[in-house]
Amino acid sequence: MDAAVEVEKLTKRYGDKRAVDAADFALYPGQLVGLLGPNGAGKTTTLGMLSGLIQPSSGTIRLFGQPLERRNGDLLRRVGLMPEVAAFY
Numbered sequence: 001m002d003a004a005v006e007v008e009k010l011t012k013r014y015g016d017k018r019a020v021d022a023a024d025f026a027l028y029p030g031q032l033v034g035l036l037g038p039n040g041a042g043k044t045t046t047l048g049m050l051s052g053l054i055q056p057s058s059g060t061i062r063l064f065g066q067p068l069e070r071r072n073g074d075l076l077r078r079v080g081l082m083p084e085v086a087a088f089y
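The numbering of the sequence shown is UniProt numbering, which starts it at 1 and goes up by one.
Any given hint might turn out to be false.
Said to hold, decoys possible - Below, simulated SDA-like cross-link-like pairs (lysine to any residue); rule was C-alpha separation at most 20 Å, straight line:
1) K9 <-> A19
2) K43 <-> G15
3) K9 <-> F25
4) K9 <-> A26
5) K43 <-> T11
6) K43 <-> E8
7) K17 <-> G40
8) K17 <-> G37
9) K9 <-> Q55
10) K43 <-> A22
11) K9 <-> M82
12) K9 <-> G30
13) K9 <-> E69
14) K43 <-> F25
15) K9 <-> S57
16) K43 <-> D21
What the hints assert, rightly or not - Cβ pair distances, simulated, as ranges:
17) T60 <-> L35: 11 to 21 Å
18) P38 <-> D74: 15 to 25 Å
19) F64 <-> G15: 30 to 40 Å
20) M1 <-> N39: 32 to 42 Å
21) G37 <-> D74: 16 to 26 Å
22) G40 <-> K9: 17 to 27 Å
23) M1 <-> P38: 29 to 39 Å
Calculated directly from the structure, the hints in this document are not laboratory data. Every residue gets a Cβ at the ideal spot worked out from N, C-alpha and C, and that includes glycine.
Take the sequences, apply the hints, and build the full model.
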């Protein structure tokens, strides 16, 4: 079965601070996953990058085999994100 989400060497930097440092993982259809870690571990930043709301500093994200690009509206329509705190995006 092909992965629905593939992440390779995903990194996000804010100045000298690395919020996410070379993350690698794959998620498959039907798989239930929890993203756990202490405050400041990069969980929210990772979800922001997967949803196209935050631009990665480096690394790759593929959704359904296609590279994630903020301009790819057809691909991003297949992604949903429900943040813990209600806000407008």
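Hint check results:
no.: 1; hint: K9 <-> A19; verdict: holds, 13 Å
no.: 2; hint: K43 <-> G15; verdict: holds, 18 Å
no.: 3; hint: K9 <-> F25; verdict: holds, 9 Å
no.: 4; hint: K9 <-> A26; verdict: holds, 12 Å
no.: 5; hint: K43 <-> T11; verdict: holds, 12 Å
no.: 6; hint: K43 <-> E8; verdict: holds, 16 Å
no.: 7; hint: K17 <-> G40; verdict: holds, 11 Å
no.: 8; hint: K17 <-> G37; verdict: holds, 17 Å
no.: 9; hint: K9 <-> Q55; verdict: holds, 14 Å
no.: 10; hint: K43 <-> A22; verdict: holds, 13 Å
no.: 11; hint: K9 <-> M82; verdict: violated, 24 Å
no.: 12; hint: K9 <-> G30; verdict: violated, 24 Å
no.: 13; hint: K9 <-> E69; verdict: holds, 16 Å
no.: 14; hint: K43 <-> F25; verdict: holds, 13 Å
no.: 15; hint: K9 <-> S57; verdict: holds, 10 Å
no.: 16; hint: K43 <-> D21; verdict: holds, 11 Å
no.: 17; hint: T60 <-> L35: 11 to 21 Å; verdict: holds, 19 Å
no.: 18; hint: P38 <-> D74: 15 to 25 Å; verdict: violated, 36 Å
no.: 19; hint: F64 <-> G15: 30 to 40 Å; verdict: holds, 33 Å
no.: 20; hint: M1 <-> N39: 32 to 42 Å; verdict: holds, 34 Å
no.: 21; hint: G37 <-> D74: 16 to 26 Å; verdict: violated, 32 Å
no.: 22; hint: G40 <-> K9: 17 to 27 Å; verdict: holds, 20 Å
no.: 23; hint: M1 <-> P38: 29 to 39 Å; verdict: holds, 32 Å
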